[in-house]
Structures are given as C-alpha cells and as structure tokens.
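Undergrad: Single-letter residue listing:
2 protein chains.
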Amino acid sequence: MFNRLCIIGIGLIGGSIARAARAQGLCREVVAYGREKNLLNMQLAKQLGVIDEFYTDIAAALENTDCVIVATPVGSMQVIFEQIKPYWNPETIYSDAGSTKGSVVSALEAVFGAVPDNFVPAHPIAGAERSGVDASTVDLFVNRRLILTPLENTDKQALAKIHSFWEQIGSSVSVMSVEHHDTVLAATSHLPHILAFALVGLLGRKDEQREIFKYAAGGFRDFSRIASSDPTMWQDICLANKQEIVPLIRQFQAELSKIEQLLVEDQSAQLFETFTYARNARQRFLDQQED
Amino acid sequence: MFNRLCIIGIGLIGGSIARAARAQGLCREVVAYGREKNLLNMQLAKQLGVIDEFYTDIAAALENTDCVIVATPVGSMQVIFEQIKPYWNPETIYSDAGSTKGSVVSALEAVFGAVPDNFVPAHPIAGAERSGVDASTVDLFVNRRLILTPLENTDKQALAKIHSFWEQIGSSVSVMSVEHHDTVLAATSHLPHILAFALVGLLGRKDEQREIFKYAAGGFRDFSRIASSDPTMWQDICLANKQEIVPLIRQFQAELSKIEQLLVEDQSAQLFETFTYARNARQRFLDQQED
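Here the protein sequences come in this chain order: E and X.
Mapping of the first sequence onto the UniProt record's numbering: residues 1 to 291, in sequence order.
Mapping of the second sequence onto the UniProt record's numbering: residues 1 to 291, in sequence order.
I should point out that these hints are in silico values taken from the structure, not numbers from a laboratory.
Hints are not guaranteed to be accurate.
The list makes no distinction among identical chains, and a pair is therefore deemed to hold if it is satisfied within one copy or across any two copies.
[Stated by the list, open to error] Here are the simulated lysine-lysine pairs, DSS-like style, with alpha carbons at most 27 Å apart: (1) LYS161 x LYS214; (2) LYS206 x LYS258; (3) LYS85 x LYS156; (4) LYS214 x LYS156; (5) LYS214 x LYS242; (6) LYS242 x LYS258; (7) LYS46 x LYS206; (8) LYS37 x LYS214; (9) LYS85 x LYS161; (10) LYS161 x LYS242; (11) LYS206 x LYS37.
The structure presented is a predicted model; accordingly, all values stated were derived computationally and were not measured.
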C-alpha cells in the first residue's frame with residue numbers, strides 16, 4: 001500500500017501502528033521522526049524491530065515518504081504540523097491517531113488556514129493503560145474500532161486508502177463528523193476516566209488515613225481500572241476536549257444530585273426505577289457490542 | 001459443626017451459603033424458611049438440591065435448628081427478627097449476610113432492645129450481578145472476604161463458631177466495628193455502584209437520542225459492569241447505608257468540581273498531578289489485593 005510510512009511519535013500507539021503495518025505488509029519500510037529528547041525511545045524502537053530507521057531531521061524523515069501518521073498527544077500536534085509544513089507534499093497522505101478530533105482540526109486550521117485535503121483525521125480506539133514503545137503490540141487494534149472524521153474537502157482517494165489501511169490492520173472502521181466523534185468519546189470514554197480518577201483520588205486519600213483499599217472488592221477493581229491510565233495522555237485528552245467534557249461533568253453532577261436527593265428523601269420506588277433503567281441501558285450497550 | 005442450619009432468604013447469597021455449608025460438611029441438614037410468596041423459589045431450591053427442606057411455618061423451620069442465617073435484603077430484616085423473636089433460642093447461633101451492618105444492628109435493637117449476644121453480624125463480600133437461587137454456586141465465597149462486626153456483648157464462642165464456619169467455606173475473615181464496616185463499604189462499594197448507575201443512566205438517555213453505546217470501548221464496559229447489579233438489592237443497600245453514602249456523594253462531587261475547575265482554567269500541571277495521584281493510589285490498591 002505504502003512505500004514508506006513515517007510515524008511521528010513512536011510510543012504505544014505509534015509503535016503498534018508500525019508493527020501492525022509491517023505485519024500486514026502495508027508498507028515496504030517504516031521510519032520514525034522525533035526530537036532529540038525522543039532519541040533513546042526511537043533507538044529502543046529500532047532495537048525492538050518496530051521501525052527500520054529513525055530521524056531527528058524532519059526533512060530526512062519525510063524524504064520519499066508517502067504516508068505520515070502523527071501519533072503524539074493531541075496537545076503537541078500543532079507544533080508538529082508547523083514542523084512538517086515546509087515539506088508538505090500533495091502526493092503524500094497524512095493522518096493521525098489522536099484521541100480527540102476537534103483539536104486536531106483546529107491545529108491544522110491554525111497552521112494551514114484550512115485542513116489540507118490530504119489529511120485524514122483518524123482515531124483508533126485502543127486501550128492504553130500501558131505506555132511506551134516497549135508496550136506496543138502487533139494486535140493492539142485488531143477487532144477494535146477506528147473512527148475516521150473526514151472533512152467536506154478531504155480527498156476521497158486519501159480517505160479510501162486510510163480506510164483500507166486500518167481495515168487491513170484488523171480494525172472496524174466507522175466514519176462520522178468531527179463533532180459527533182468528540183461528543184461520543186467525551187461521554188463514553190473521557191467522562192468515565194475522569195470519574196475514575198476522581199473516585200480513586202478521593203479513596204486514595206481516605207486509604208492513607210484508614211485502611212479501606214484492603215476491603216475493596218472486584219467491583220471496585222473493574223471500576224477503577226481506567227484510573228491506571230497514563231496521566232500525560234489523559235491530561236492532554238481532557239484539555240483538548242474540554243468543550244465537550246465540562247458540560248458532561250455538569251450533567252453528571254445533576255444526575256448524581258438527583259440520586260442523592262432520592263436517598264435523603266427515602267424515595268425507594270424512584271431509586272429502584274433509576275437503578276433498573278441503568279441496568280437495562282447497560283444491557284442495551286452489551287447487545288450493541290455484539291454487532 | 002451444626003446439626004441443622006436454617007437459611008432465611010434462599011436466593012443467590014442464601015443458596016450459595018447452603019451449597020457451601022453442605023459441600024464442606026458444616027451441617028447435617030440445611031433448611032429454608034420463607035413466606036408464601038417465596039414458595040416457588042424454595043421449591044426450586046429443594047429441586048436443585050440446595051436445601052433438604054423448606055417451611056413457611058417459622059416454628060417448624062426453627063425446630064432443632066442450631067444455626068440461623070438471615071440472607072434477605074437488609075431492609076426486610078426487622079420484620080424477620082419480629083417473626084423469630086417468639087422462638088429465639090439462647091442455644092442457637094444467629095447470623096446474617098447483610099451488605100450493611102448498622103441497619104441490621106438497629107433493627108435488632110428495635111426488636112429486642114439490644115443486640116442479642118448470640119447474634120453474630122456478618123457480611124460476605126461477594127459479587128451479585130446475578131440473582132436468584134438458580135444463580136447460586138458452591139464457591140461464591142471462596143477466596144472472598146467475610147467481615148464480622150461483633151458487638152461488645154457478642155458471645156465469644158458464637159463468634160468463634162461463625163468465624164470458623166466462614167473460614168471453612170473458604171473466605172478470608174476480618175473483624176471490625178459496625179461503623180468501620182459501613183464506612184469502608186460505602187466508599188469502596190456503595191459509592192462506585194451509585195456512580196456507575198448515574199453514568200449509565202445518563203448515557204442511556206443520550207444513547208436513545210443518538211447512538212453512543214456503539215462506540216463505547218473496553219474502559220466503559222469495565223466501569224459500567226456494576227451498573228448491571230440487581231436494582232432491588234442496591235436500592236435496599238443504599239437506603240440502609242445512606243448515612244455514610246450521602247456525605248460521600250458530596251465529597252465526590254467536590255472532587256469532581258475541582259477537576260472541572262482545573263479543566264476550565266487549563267491547569268494542565270495540576271490535572272497531571274491529580275491523575276498521577278489516582279494512578280498511584282490504584283497501584284497501592286492492587287498491591288494490597290495480593291495480601
């Protein structure tokens with residue numbers, strides 16, 4: 001599919017993309033670009049066989065490159081787009097793996113005036129409790145969802161190629177608007193992460209005072225699992241998507257206050273209804289996962 | 001250990017206690033007591049071989065019974081204690097499996113004036129997303145925690161016997177005060193369940209409007225798992241322990257508001273600290289589970 005794939009940001013996600021692309025024969029060679037401070041990490045990536053070569057010189061990295069995927073935190077993308085800009089090639093396809101899409105589009109607009117038609121915004125939805133290229137795997141994206149959020153002007157062939165790239169990696173590809181993506185992810189991923197961080201933080205301070213983690217059972221283990229997520233990545237995602245997240249936090253607070261009120265007023269029938277609705281909603285969620 | 005064990009409330013928990021007691025040879029026979037409306041359920045229990053016999057007549061159920069375990073929702077226990085009261089036997093050991101302990105103690109005080117010294121309050125911490133005697137298993141409590149909350153006047157031999165009973169079933173037994181139990185469980189179990197119910201309810205209504213569950217990933221699945229819990233049981237637990245839960249909800253809301261403020265003010269360093277603290281706290285929790 002591609003002669004030379006360049007990954008910018010060779011961490012868990014970038015490394016896994018590199019591994020998957022090679023395993024599926026989707027590129028003849030894969031290289032990485034990073035700054036001086038990323039040198040050790042890129043050396044490790046080459047050592048692990050994740051990439052063929054790495055560069056701290058952007059021009060050398062992009063030479064003869066027909067596909068570039070930016071897999072850094074979304075907060076750092078504008079600076080990267082600035083670096084690529086002088087070398088931007090209309091024949092090359094550019095894409096990303098950012099967890100939010102609105103902020104990526106804004107960054108491109110800030111640098112280029114408009115989103116270039118050969119940039120295909122993408123988001124592979126993959127678990128990331130671990131981090132770093134040494135945690136990357138060839139199958140991180142297999143049977144996972146990949147969301148593309150093309151703009152009106154996105155080149156149809158570039159879109160088709162990136163669509164096919166990810167399908168061949170084994171992902172289930174969906175297409176939606178930038179706004180819908182950010183709204184959906186805020187609700188199903190960003191807010192739950194924030195709730196988990198808040199709960200585990202609160203209980204962490206209580207545990208320091210009196211032992212409580214010792215008696216926490218399986219329910220807490222599952223619920224809190226996402227609080228083990230990488231803080232750098234999540235600070236980045238939350239800030240990038242705060243426009244969607246902040247209203248959601250407020251809606252959640254309202255929901256929680258309602259339940260608190262039902263408790264205070266001993267409204268057992270309404271509590272039962274609330275919990276039953278949630279249980280049924282979860283079943284609906286599980287049923288949809290089997291699609 | 002016991003000649004005749006009587007379980008009041010032969011559902012998931014009561015049924016599993018019966019199965020485990022029989023499997024470990026902890027009683028010669030096990031019977032159930034319930035009301036007319038529980039008849040079909042008790043017939044099923046007998047059919048499944050979970051119990052030897054069942055009764056809707058409390059006197060017959062308690063005849064020659066040397067151990068009684070109340071395994072109904074805590075909200076129904078006071079009525080049950082009233083029923084047992086005329087037949088209360090100082091030679092019999094009484095215990096329960098209620099998810100809250102303060103409310104059980106209050107119910108006993110209301111019926112008897114003080115907690116009888118042959119009642120040993122107990123709480124087996126076991127997952128209950130399923131319900132009913134047909135979901136009961138012989139190993140539900142194996143390698144799970146069992147908390148005993150004896151009062152000052154609790155008979156030492158009765159306590160030792162119940163302690164041994166649960167150890168032989170395979171549980172890891174801890175002893176703590178009623179208050180500490182309810183505080184710890186409010187933080188590690190009750191609040192997380194309420195948060196999950198609130199989130200899944202909120203998202204459920206959004207999903208009805210526009211498809212969002214379809215794109216929810218593994219993190220949401222884990223986080224929301226406890227929202228599949230039995231609504232009857234949880235309405236019961238939350239009301240019984242609301243004195244501990246309501247303040248916790250407020251503390252959680254304060255925590256969430258803090259994070260919301262950090263987002264609004266783009267306080268990235270503090271967000272990073274908050275998320276890092278939570279991640280480390282979770283690691284502390286995981287480390288303690290290996291004890």
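Undergrad: Now, for every hint given, state plainly whether the structure supports it.
TA: To see whether the hints hold, each was checked on the structure:
Taking the shortest Cα distances, LYS161 and LYS214 sit within 27 Å of each other only across copies (24 Å), while inside one copy they are farther apart (51 Å). Proximity of LYS206 to LYS258 under the C-alpha cut-off of 27 Å is found in both arrangements, the shortest distances being 25 Å within a copy and 17 Å between copies. Taking identical chains as interchangeable, the C-alpha atoms of LYS85 and LYS156 lie at most 27 Å apart only when both belong to the same chain, with a minimum of 22 Å there against 78 Å between chains. For a Cα distance limit of 27 Å, the shortest separation of LYS214 from LYS156 across copies, 25 Å, qualifies, whereas the shortest one inside one copy, 55 Å, does not.
Only between protomers do LYS214 and LYS242 lie at most 27 Å apart by alpha-carbon distance; the minimum there is 22 Å, versus 34 Å within a single protomer. Taking CA atoms no more than 27 Å apart as the test, LYS242 paired with LYS258 passes in both settings, with 24 Å inside one copy and 14 Å between copies. Neither within a single protomer nor between protomers do LYS46 and LYS206 lie at most 27 Å apart by alpha-carbon distance, with minima of 44 Å and 45 Å respectively. Taking the shortest alpha-carbon separations for LYS37 and LYS214, neither the intra-copy value of 40 Å nor the inter-copy value of 39 Å comes in at or below 27 Å.
Within a single copy, LYS85 and LYS161 get their C-alpha atoms as close as 22 Å, which meets the 27 Å cut-off; across copies the closest is 76 Å, which misses it. In this homomeric assembly, LYS161 and LYS242 never come within 27 Å of each other (Cα to Cα): the closest approach is 31 Å inside a single copy and 56 Å across copies. In this homomeric assembly, LYS206 and LYS37 never come within 27 Å of each other (Cα to Cα): the closest approach is 38 Å inside a single copy and 43 Å across copies.
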